[in-house]
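Enquirer: Spelled out from the first residue to the last, the chains are:
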Amino acid sequence: MEKTSIDINKPRGLHQYQWEIFLIVLFLAVNVVNSFLSPYYLTLDTFVSTPMNFLDKAFLVLPMTMIIILGNIDVSVGSIVALSSVLMAVSYNAGLPMPLAMVLALVVGTTCGFINGFLQIKFKELSATIITLSTMTVFRGIAYVILEDRSAGKFPSWFSFLAWGYIGKIPFILIVFALTAIVFAVLLHRTRFGRMVYAVGSNRTACEYSGIRTDRIILGVSMLAGLMAGFTALFLTSRMGSTRPNVALNYELDAIAMTVLGGISTNGGKGRITGPLISIFLIGFLNYGLGLRNVSAQVLLIILGFLLILSVLVQNFTDRPASISPKKLSAPTHRSDAGDGSDIHENSAQGG
Amino acid sequence: MQLQVKMNADGSSGGGGNGRPQSSEHQSSSLFSSLVKRLTRNSEAFRELGLLIFIVLLAAIFQIRNPKFLSVANIKDLLANTAILSILAVGMMMVIITRGIDLSIGSTMALSGMVTSLTVSANPDISPFLSLAQGMAIGLAAGLVIGVLVAYFKILPIIATLGLMNILRGLTYLISKGKWVSAYQMSAGFKNLSTGTTFGINNLILFVIGIYILYTYFINQTRTGRYIYAVGSSPETAELIGIKRKRIILLVYALMGLLAGLAGVLWVSKFASAQGDTAVGYEMNVIAATVLGGVSVAGGRGKVSGILLGSILFGILANALPLINISPFWQQFIQGLVILAAIISNVLLQRRNDRLTLKKRVI
Numbered sequence: 012m013e014k015t016s017i018d019i020n021k022p023r024g025l026h027q028y029q030w031e032i033f034l035i036v037l038f039l040a041v042n043v044v045n046s047f048l049s050p051y052y053l054t055l056d057t058f059v060s061t062p063m064n065f066l067d068k069a070f071l072v073l074p075m076t077m078i079i080i081l082g083n084i085d086v087s088v089g090s091i092v093a094l095s096s097v098l099m100a101v102s103y104n105a106g107l108p109m110p111l112a113m114v115l116a117l118v119v120g121t122t123c124g125f126i127n128g129f130l131q132i133k134f135k136e137l138s139a140t141i142i143t144l145s146t147m148t149v150f151r152g153i154a155y156v157i158l159e160d161r162s163a164g165k166f167p168s169w170f171s172f173l174a175w176g177y178i179g180k181i182p183f184i185l186i187v188f189a190l191t192a193i194v195f196a197v198l199l200h201r202t203r204f205g206r207m208v209y210a211v212g213s214n215r216t217a218c219e220y221s222g223i224r225t226d227r228i229i230l231g232v233s234m235l236a237g238l239m240a241g242f243t244a245l246f247l248t249s250r251m252g253s254t255r256p257n258v259a260l261n262y263e264l265d266a267i268a269m270t271v272l273g274g275i276s277t278n279g280g281k282g283r284i285t286g287p288l289i290s291i292f293l294i295g296f297l298n299y300g301l302g303l304r305n306v307s308a309q310v311l312l313i314i315l316g317f318l319l320i321l322s323v324l325v326q327n328f329t330d331r332p333a334s335i336s337p338k339k340l341s342a343p344t345h346r347s348d349a350g351d352g353s354d355i356h357e358n359s360a361q362g363g
Numbered sequence: 006m007q008l009q010v011k012m013n014a015d016g017s018s019g020g021g022g023n024g025r026p027q028s029s030e031h032q033s034s035s036l037f038s039s040l041v042k043r044l045t046r047n048s049e050a051f052r053e054l055g056l057l058i059f060i061v062l063l064a065a066i067f068q069i070r071n072p073k074f075l076s077v078a079n080i081k082d083l084l085a086n087t088a089i090l091s092i093l094a095v096g097m098m099m100v101i102i103t104r105g106i107d108l109s110i111g112s113t114m115a116l117s118g119m120v121t122s123l124t125v126s127a128n129p130d131i132s133p134f135l136s137l138a139q140g141m142a143i144g145l146a147a148g149l150v151i152g153v154l155v156a157y158f159k160i161l162p163i164i165a166t167l168g169l170m171n172i173l174r175g176l177t178y179l180i181s182k183g184k185w186v187s188a189y190q191m192s193a194g195f196k197n198l199s200t201g202t203t204f205g206i207n208n209l210i211l212f213v214i215g216i217y218i219l220y221t222y223f224i225n226q227t228r229t230g231r232y233i234y235a236v237g238s239s240p241e242t243a244e245l246i247g248i249k250r251k252r253i254i255l256l257v258y259a260l261m262g263l264l265a266g267l268a269g270v271l272w273v274s275k276f277a278s279a280q281g282d283t284a285v286g287y288e289m290n291v292i293a294a295t296v297l298g299g300v301s302v303a304g305g306r307g308k309v310s311g312i313l314l315g316s317i318l319f320g321i322l323a324n325a326l327p328l329i330n331i332s333p334f335w336q337q338f339i340q341g342l343v344i345l346a347a348i349i350s351n352v353l354l355q356r357r358n359d360r361l362t363l364k365k366r367v368i
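Residue numbers (my numbering), protein chains in the order written: chain R, 12 to 363; chain B, 6 to 368.
In isolation and in its complexed conformation, chain B is listed as follows (with noise of 0.2 Å):
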C-alpha cells in the first residue's frame, strides 16, 4: 500500500507537470523535472503511469465499496481472470500494430478447446501436454488461413476474420453436434493445466509470465519483432527497405492463432465445460484490454507492458463489477465506452505529441 501512495503522488504531479510542456525552472528537484521531461518527450510513458494511476484509484474505489476487493483470495481470483485475457492481448497486439484487427479469436478459443476436449474424453490418459499442443496446432492452422487470405489475397483484415469467425463457430457446432463436454467427461490432468498449482503458484499465471517473457524478447530483441513495427508504421517503406511485408503480417495471424488455441485449451480446462458458444464475443474484451494498453489502431506502436496493465485493468473492471452490485448487464455498455474511450484518448494523446514534436522545431 505504501508503495501505492508513492506512485500516486508522483504519478499525479506528473501529469499536472505535464500540462505545462518545456518549463522546468520551477521544479526544485532535478530527479523531478527529469521525470516531467522524460514525460512530456515520451507520451507513452505517460500514458503507462496514466493507467497504472488509474489502476490504483479504481482498487481504492473498489476496496472502499467492498473491503472484499484486494483479499488474497480474490486478488489470486482476479489475476487467474485475467491470464487468459492477457495471453491473447499479446497476439492481438502484434496484429493491431500492423494495422490489421481479429475478430475470430474468440470462434478460434471455442474449436480448439470443443476439439481438445473432445479427445480427452475420448482418450483419458492423453498427457494434458498433447491437448496443448492440439489445441495450439488448431489454432494455428485457423490463424495461417486468415493470414495466408490477408497477406496474400489481399483481404480486409476486419472481413476475413468476420467469415471465419462464422465458419470456426459454425463447425464448433457442427464437431459437437451442439453437444457440451462437461467436466466428468475431462481428466484430471486436463482440469490441471488451468486450475492446478506448479511450486505454489496458479498454473495459468506461470503460463503468462512464461510467455510475455518470450514475446517480450521476440517483439523487442530479434530482428524479426522489430520488423512488425515496421510494417506497421509504414508498410510501403517496410517494403522499400527489403522487408517481407507479406510474410510478417501471415506470421502476426499465425501467432495470433496460435496464442488463441492455446487460451481455448486453458479456457476450457479452467471452466471445465466446453459448449458451443464458448467465449463469444471474447475478441472484444481482447481488443479492448489491448487498446487500453496503449496499441494505437493505426499501426505502428504498443508495447508489451502497456497491454499487460491494460489487461490488469480490464481485468478489475470485469471482476469487480460484480462486487460493488453492478448488474452484468452493464458490462458490455462500460467495455464499449472503455473501447470508445481508450481509442479516443490514444488519439488524442498522439496529437499532443505530434504538436509538441512541431513545437520542438520552432526556432
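Next up, chain R with everything else stripped away, as it sits in the complex (with noise of 0.2 Å):
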C-alpha cells in the first residue's frame, strides 16, 4: 500500500490483511448464528437498518483509532459526548435555534478535546490515561452540575431525522457515517498528518529530533476526538429524543474495544483503519443478534469486556517485535532521568 518504513517489514498481498480477513470471518459468523436465531433475519432490510442502533458510537472509533495509533488512551469520550449533548439541550430549551445548537454541541465537543490535547502537549510527564481519566470526571461532573437529574428534550422534529431518517432506502447515519470515515480513512493513510501520527506513534522522542512538531499532531488528534464525540452527541440525542447527564456512560469501553479488536495495537504505531471499521459492524451485529436472544445488558458487558481482553491478548502474541520495543514500558518517556537513583534512596530514608 504505502512506502513507509512501518509497512516494509510486512507480508504484501492478502497476507497483510489477516486480521481483517479474521474479523469479517467472524462478521460472517455471527450473522449466520443470527439467522438461525430469528426467520426474518436474513433479509436486506436487517443489514440496512440494524446500523441505526449503534453508528453513533461508531463516529468515536474513528477518532479513538488515531489515538491509539499515538500510543495514547482516551477516555473521556463518554463523558465529551454527555456534556456536549446535555449543553445543547439546554442551550436549545434557552432559546438557542436548534441548528445553532448543534453547531454548539460540536464547539464544545471540540473544546474539551482542545483541553485534553493542551493538558497532553503542556504536562508531559503525566500519561494521557491519567489526564483523560480527570477529565473523563470533570465533564461528565460538568453534565451533571447543569442538568442534575433532570432529563432534557423537546426538540422539534425534525431534529430526529439525524439518526432515524432516510435517503432513498439508505439511513442517514450511515450516509454521514460512510463519508466521515472516508474523510478519516484519507486522513490516516493518505496525508502527511496521517503518516506523522504513525511517527510519532512508533517513536515520539525521535519525531521531535527530527523535527516534527508533535505536539500539534497530539492536539489535532484530541480535538478530532472531540468534534467526533460531538457528532456522536448529536445522532445519540436524536436517537433518543431528550438527553441526561449519564447518557453516554461505558461510550469510551465500546470506542476502545472496537478499536482495539479492529487490530489496532496499544503499543502504537501500527494498524490500519480498515480493522476497526469492521470491528463497529461486527460488535453491532453481534449485540443486536444477543438482543435477539434477550440477553440481559449485564452479559454484554461482559462479553464486551473478555472482547477487549482477548484481542489485546491476540495482539500480543501475534505482535513480538513491538512488545519487545521499549515503548512497552511507554508512559512516562518524558520523565527526566535525572535524580531517578536517588529517590529510591530517599523515600527509604524518610518511609514512615
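Since the hints were derived computationally from the structure, they do not count as laboratory data.
Here the structure is a predicted model, which is why all the values come from computation and not from measurement.
Misleading hints may appear alongside valid ones.
[Stated by the list, open to error] Okay, the calculated bits of chain B under chain R, using three or more residues with CB under 8 Å as the criterion:
1. 84-91
2. 154-164
3. 173-181
4. 330-338
[Said to hold, decoys possible] Computed list of chain B residues with no C-beta within reach of chain R, every gap over 10 Å:
5. Lys-81
6. Ile-106
7. Asn-128
8. Ile-131
9. Leu-137
10. Lys-184
11. Ala-193
12. Gly-215
13. Arg-252
14. Phe-276
15. Ala-303
Glycine included, C-beta positions come from ideal geometry on N, C-alpha and C.
Grab the two chains, each in its own frame, and use the hints to assemble them into the complex.
Expert: Encoded structure:
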C-alpha cells in the first residue's frame, strides 16, 4: 500500500490483511448464528437498518484509532458526548435556534478535546490515561451540575431525522458515517498528518528530534476526538429524543474495544483503519443478535470486557517485535532521569 | 485547636520561605532555618505540610459555615466514611507506584460484597470473619487475574482493568439476578463488622489502623516493599539488578484486589445493603485520594503518610459538601477538579524539585 518504513517488514498482498479477513469471517459467523435465531433476520432491510442502533458510537472509533496509534488512550470521550449533548439540549431549551445548538454541541466537543490535548502537551510527564481519566470526571461532572437529575429534550421534530431518517432506502446516519469514515481513512493513510500520527506513535522522541511538531499532532488528534464526540452527541440525542447527564456511559469502553478488536496495537504506531471499521459492524451485529436472544445488558458488558482483553491478548502474541521495543514501558517517556536513582534512596530514608 | 493554629503558622511561613531557596542568612532561629532547608530540599515533606495546612483551612472554613462540622459525632462519622477509602488508597498507591492504574476496584467491591452477603443471607450462622475471608479471596482472585494479564501478558493496565471492571460488574448482576440483599437478610454479626465497636473504637477505624501499620511496615521495611518503588522508578534498572519485575507487578495487583475484596465486605456491612451497582465509580474517589496524597502517576513516588492525608482531605470534601448546602450533583465535578489539580501540582512540584537539584550542581 504505502511506501513507508512501517510497511516494509510486512508481508505483501493478502497476508497483510490477515486480521481484517479474520474479522470478516467472524462477522459472517455472527450473521449465520443470528439468522438461525430469527427467521426474519436474513433480509436486506436488516443489514441496512440495524446499523442505526449502533452507528452513533461508531463515530468515536475513528479518532480513537488515531489516538491508539499515537500510543495513547482516551477514556473521556463518553463524558464529552454527555456534556455536548446536555449543553445542546439546555441551550436549545433556553431559546437558541436548533441549528446553532447543534453547532454548539460540536464546538463544545472540540473544546473538550482541545483541553485534553492541551493538558497532554503542557504536562508531558503525565500519561494521557490519567489526564483523560480526570477530565472524564470533570466533563461528566459539569453535565451533572447543569442538568442534575433532570432530563432535557422537546427537540423540533426534524431533529429526529438525524438518527431515524432515510435518504432513499439508506439511513441518513449510515451515509454520514460512511463519508466521515472516508475522510478519516484518507486523513490517516494518504496525508502528511496521517503519516506523522504513525511516526509519533512509533517513536515520539525521534520525531521531536527530527523536527516534527509532535505537540500539534497530539493536539489535532485530541480535537478530532472531541469533534467526533460532538457528532456522537448529535446522533445519540436525536435517537433518544432527550438527554440526561448519564447518557453515553461506558461509550469509551465500546470505542476502545472496537478499536483494539480492529487490530490497532496498544503499543502504538501500527494498524489500519479498515480493521476498526469492520469491528464496529461485528460488535454491532453481535449485540443485535444477542438482543434477539433477550440476553441482558449485563451479559453484553461481560462479553465486551472479554472481547477487549482477548483481542489485546491475541495481538500481543502475534505482535512479538513491538512488545520487545522500549515502547512497552511507554507512559512516562518524558520523565527526567535526573535523580531517579536517588529517589529510591530518599524514599527509604524518610519512609513512614 | 491550639495545635492546629501552631501548625498553620509554622506551615505558612515555611511555605513562604520556600519561594527563596537556599537563602538562610536572614532567618533568626536555627530550628526554623533547618525546617526551611528541609522543606526546600524535600518536596514530599513540603507537600505533606501543604496538605495538612489545606485540611486545617478547609476544616476552619467548614466550621465557620456550619458549627456542626467539628462536633464529635460528625468527626466520628467522617472518619468512618473515610475508612474504606483509605484502605483502598493503600492498594492503589502500590499500583500507581508501579506506573499502573486499577479501574476495576469498584466492581471487585461489588462482587465481593454481593457474594458474601448472599452467603450470609443463606447461612445466617456463618462467622463474620469467614465472610471477611471469603470477600478477600474473591478480591484476591480478581486481582490475580489482572496481575497476570498486566505482568505476564503485557496488557496495558488501563485496558486490562477496564475489561475486568465490566466483567466483574456483569458477574455481580448475574449472581444477584438484579436483586438487592437488604439489611434484614444479613446477620447481626455481619453488620457488626463495620458498625460495631471494639474497646470503644469503631471497628472500621481499627481495620484502618491495622492495615496501615501492616502496610507501612511492608512498604518501608521489607525488601519486597522497596522493590515496588524500584520497579516503578525505573523498570529497566530494576530488572537489570535482578528484581523479578513481573512478580512485583503481579503482587501489587493481587494486593489491590485483596484490599478491594475486604473493602467490599466492609462496605456492604456498613450500608447493610448489597446491590448490583454498589460502589460504581468508587475507583475514581480512590485514585483522587491517592494522587492527592502525593503519589506520582509517573511511578516510583508515594508515601503511606501522604495517602492517609489525601484520604482524609478527600473524606472531608465528601463529608462537608452536603453540610454547607452544596448540591450532591457538584460532587463529581469537584472530584474531577481535585484529581486534575493534584496531578498537575505534583508535576509542578516535581519540576521545581528537579530545577533545584540542577541548581545545586552549579559551581
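Enquirer: Determine for every hint whether it applies to the structure shown.
Expert: Consistency of the hints with the structure:
1. For a cut-off of 8 Å, the count of residues in the segment 84-91 of chain B with a CB near a CB of chain R stands at 0, and the three-residue condition is violated.
2. With 7 residues having a beta carbon nearer than 8 Å to a beta carbon of chain R, the segment 154-164 of chain B meets the requirement of three or more and the stated coverage holds.
3. Counting residues of the segment 173-181 of chain B whose beta carbon lies closer than 8 Å to any beta carbon of chain R gives 5, which meets the minimum of three for the stated coverage.
4. Chain R is given as covering the segment 330-338 of chain B, and this holds because 6 residues of the stretch bring a CB closer than 8 Å to a CB of that chain, at least three being needed.
5. With a least beta-carbon separation of about 26 Å from chain R, Lys-81(B) lies farther than 10 Å from that chain, consistent with its non-interface assignment.
6. Listed as outside the interface, Ile-106(B) is inconsistent with that label: its C-beta sits roughly 6 Å from the nearest C-beta of chain R, within the 10 Å cut-off.
7. Remark: the non-interface label on Asn-128(B) is consistent with the geometry, its nearest Cβ contact in chain R lying 26 Å away (cut-off 10 Å).
8. At roughly 27 Å from the closest C-beta of chain R, the C-beta of Ile-131(B) stays outside 10 Å, upholding its exclusion from the interface.
9. No Cβ of chain R comes within 10 Å of the Cβ of Leu-137(B); the nearest lies about 27 Å off, and the non-interface call holds.
10. Lys-184(B), annotated as away from the interface, keeps every beta carbon of chain R farther than 10 Å; the closest lies near 13 Å.
11. Residue placement check: Ala-193(B) keeps its beta carbon more than 10 Å from all beta carbons of chain R (closest about 32 Å).
12. Against chain R, the non-interface label of Gly-215(B) holds: every CB pair exceeds 10 Å, the least being about 17 Å.
13. Under the 10 Å C-beta cut-off, the non-interface status given to Arg-252(B) relative to chain R holds; the minimum distance is some 17 Å.
14. Under the 10 Å C-beta cut-off, the non-interface status given to Phe-276(B) relative to chain R holds; the minimum distance is some 21 Å.
15. The Cβ of Ala-303(B) sits about 4 Å from the closest Cβ of chain R, inside the 10 Å cut-off, so the non-interface label is violated.
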